[in-house]
Amino acid sequence: MSKKIIATTSLAGCFGCHMSFLDIDERILKLVELVEFDKSPINDIKVFTRPVDIGIIEGGCCNSENIEVLKSFRENCKVLVSLGECAIMGGLPALRNGIPIEECLREAYLDGPTVSENKEQVLPNDPELPMLLDKVFPCHEIVKVDYFLPGCAPDADLIWNALVALVTGNEMELPYEVVKFD
Amino acid sequence: MSKKITIEPVTRVEGHGKVTIQLDDKGQVSDSRLHIVEFRGFERFIQGRPFWEAPVLVQRLCGICPVSHHLAAAKALDVIVGAGTGEGLTAVGDKMRRLMHYGQFFQSHVLHFFHLSSPDFLFGFDGDPLTRNIIGVIQENRDLAVQGVMMRKYGQEVIKHTAGKKIHGTGAIPGGINKNLSLAERDELLNGEAPLNADQMVEWSLGALDFFKAYHKANVRSIDGFANFPSNYLSLVRKDGALDIYHGVLRAVDAEGQRILNDVDYQDYDQYIEEEVRNWSYMKFPYLKALGKEKGWYRVGPLARLNVCDFIPTPLAQKELEEFRAYTHGKPNGMTLHYHWARLIEVLHAAEMIRELLNDPDLQNEDLVTKGKKLLKGVGVIEAPRGTLFHHYEINDNDQITLANLIVSTTNNNQPMNTAVNLTAKSFMNGRPEITEGMMNAVEVAIRAYDPCLSCATHALGQMPLELTLLNSKNEIIDQKIK
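One line per chain: the protein sequences are B and D, in this order. Numbering that gives the first Met the number 0 applies: residue 0 is where the first sequence begins, and numbers increase by one. Numbering that gives the first Met the number 0 applies: residue 0 is where the second sequence begins, and numbers increase by one.
No wet-lab data here; the hints were simulated from the structure. Incorrect hints may have been included.
[Said to hold, decoys possible] Computed list of lysine-lysine pairs in DSSO-like fashion (alpha-carbon distance at most 30 Å, straight line): (1) D:Lys288 with B:Lys45; (2) B:Lys134 with D:Lys17; (3) D:Lys288 with D:Lys159; (4) D:Lys17 with B:Lys77; (5) D:Lys318 with B:Lys3; (6) D:Lys318 with B:Lys45; (7) B:Lys70 with D:Lys17; (8) D:Lys238 with D:Lys318; (9) D:Lys152 with B:Lys29; (10) D:Lys238 with D:Lys216; (11) D:Lys376 with D:Lys152; (12) D:Lys2 with B:Lys45; (13) B:Lys70 with B:Lys3.
[To be verified] Just the calculated beta-carbon pair ranges, DEER-fashion: (14) B:Lys2 with D:Tyr326: 24 to 32 Å; (15) B:Leu109 with D:Gln399: 17 to 25 Å; (16) D:Asn261 with B:Val178: 28 to 36 Å.
[Unchecked claim] Facing chain B, according to a computed beta carbon distance under 7 Å, are these residues of chain D, among others: (17) Lys165; (18) Ile272; (19) Glu273.
Here a beta-carbon is modelled for each residue, glycine too, at the ideal position from N, C-alpha and C.
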């Protein structure tokens, strides 16, 4: 059997899901027998180099760059998996959804107790910076998502079981103990 | 013709960043910037939440070193619940938190060195980008990779037994902790089946140092000459000057080793530190107020800590520190790639501390929490793996948070990383007819040495929103942008 190709990304997440992925520990040695990695923050492949079987998304969408990356994952991956609370429902960053974004920016750049005098009221606005969305969106509101693995972060065993099932084409075994919403 | 080079995304670091390098029409680097490209808004949206939620909420800034945020927030809230400013906890409270913190230092530093940076050393900065990663390390040097994987696993197990779970645990609460270490847990960590025990971790830490030192010896010029620049250095130290990553006073030294901040109480941190806003990054630029924006910036993290402290209170790491110090004749070490050397000395120190703490019977005590008279403001500072981390909270009479200010480790290293990027870009790219992938990776190697946690750094940063229309998968408009 040829190896499946997987790709991963972290959008508006904290990298905790990627860390939990690495918590499969020594099973990573088995993983490299099963799959090859394409674009991922753990390697230096910055653009897709081939069609991908499984795309794994951590984090929701808080800016225009997240949207672009998510769409490129949908276009390049046969199966898309939302990994963790942020991808599934915005997660903690979505706590800002009830607050006007201007207030968040003010607090960070103008009103914070250690911000130096900012007479011109400089806010980050360089064209190199992506555009901010006024809400944080879960991934499935932007593109079609095929599987959802919950948890903050999802348990390493859950990630492992799901990945092996997807790679081998077997049914996922998801016992109660590994499916946690926290 | 002038042109702009963009490296995006910066990989094998945690979080989202990109680099732009401007070349003039003679092919010389005229400007460079490390942009942090995300915004969270934690300081604002945490307002109104009950204060005791902070340690579990704010750690979700960062899944790499959540323990640092968890503990810094808990330390600030210790002050608020009247449990003192760092010395008021019970013995088991203090030591469980320290064990948790050393566990995380161990795993985070190991992750950084083995999983993220070792490929640059094994395959070269200009190695094949398709294999220059941890998977490539597994295929090229399986023993080294397995060591890294098992060392990280051990650190994560320490966190699980102290915080309740490996990522985003709940162990620290205002005034103390919510569990002690059972004898069964202690025995598993101390004497677990090989290789997962404390002695093996100390031994492997020494091995990792040997690996780096051998590489250094064979590549002295390229290591020492890489982004070497003078700066100030800031860190916590214990009151007697010892390296202490959990608690102490703030000290800073200049490039010559002269004290420029002399062991001050961090409750007053805002008297000493300010942050400048620049329009091209989410990340603010901190500096020591007394020295001003131009001269007051400083480095934090492993290199800074070893430059600032007087000694390391564990014997094997102290011996390594002496060798490290002798290399620069006792002066502060400004060489960017020596961050790795310093980091591995700290890995050894963490392994020694874990072993020492596990042998301490206080960890089985049952007086977990200290209570006192409530205050409305608290500051918690800790040395995160990447450097000094500040948390500051204020609350109202209803126990709701009214103000939160965070200066994270990576933000403290903002100017240094930009300086390192600029020096590296000039050294590798100036006047070259063609810009290769290897040259661009060299710039990333400079950033990587600081182990930036760009996830952490996104908490307080934002970009001006422009016009944007957001369509869903069915091409329906679901959002239109604010400006």
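Each hint tested on the structure:
Among the hinted pairs, Lys288 (chain D) with Lys45 (chain B) is inconsistent with the structure: their alpha-carbon atoms are about 39 Å apart, more than 30 Å. Between the alpha carbons of Lys134 (chain B) and Lys17 (chain D) the distance comes to roughly 23 Å, so the proposed pair stays at or under 30 Å and holds. Under the criterion of a C-alpha separation no larger than 30 Å, the hint pairing Lys288 (chain D) with Lys159 (chain D) is inconsistent with the structure, at around 40 Å. Under the criterion of a C-alpha separation no larger than 30 Å, the hint pairing Lys17 (chain D) with Lys77 (chain B) is consistent with the structure, at around 28 Å.
As the CA atoms of Lys318 (chain D) and Lys3 (chain B) are separated by approximately 48 Å, the hinted pair breaks the 30 Å bound. Restraint check: the Cα-Cα separation between Lys318 (chain D) and Lys45 (chain B) comes to about 41 Å, which exceeds 30 Å; the hinted pair is violated. Simply put, Lys70 (chain B) and Lys17 (chain D) have alpha-carbon atoms about 20 Å apart, close enough for the 30 Å limit, and the pair holds. Pair hint Lys238 (chain D) plus Lys318 (chain D) holds up; C-alpha atoms about 21 Å apart against a cutoff of 30 Å.
Distance restraint check for Lys152 (chain D) and Lys29 (chain B): the Cα-Cα separation of roughly 16 Å lies within the 30 Å cut-off, and the hinted pair is therefore satisfied. The straight-line distance between the Cα atoms of Lys238 (chain D) and Lys216 (chain D) is roughly 35 Å, outside the 30 Å bound, and the hint therefore fails. For the suggested pair Lys376 (chain D) and Lys152 (chain D), the alpha carbons sit about 37 Å apart, so the restraint of at most 30 Å is broken. Distance check on the hinted pair: Lys2 (chain D) and Lys45 (chain B) sit about 21 Å apart at the alpha-carbon level, within 30 Å; holds.
Distance check on the hinted pair: Lys70 (chain B) and Lys3 (chain B) sit about 21 Å apart at the alpha-carbon level, within 30 Å; holds. In this structure the supplied range 24 to 32 Å is violated for Lys2 (chain B) paired with Tyr326 (chain D), their Cβ-Cβ distance being about 45 Å. The beta-carbon spacing between Leu109 (chain B) and Gln399 (chain D), approximately 22 Å, falls within the hinted interval of 17 to 25 Å. With their beta carbons about 53 Å apart, Asn261 (chain D) and Val178 (chain B) fall outside the hinted range of 28 to 36 Å.
The closest approach between the C-beta of Lys165 (chain D) and any C-beta of chain B is roughly 6 Å, which is under the 7 Å cut-off, so the hint is satisfied. Proximity of Ile272 (chain D) to chain B holds as hinted, the smallest CB-CB distance being about 6 Å (cut-off 7 Å). Taking 7 Å as the C-beta cut-off, the interface hint given for Glu273 (chain D) holds, the closest approach to chain B being about 4 Å.
Consistency note: the structure conflicts with the earlier hints numbered 1, 3, 5, 6, 10, 11, 14 and 16.
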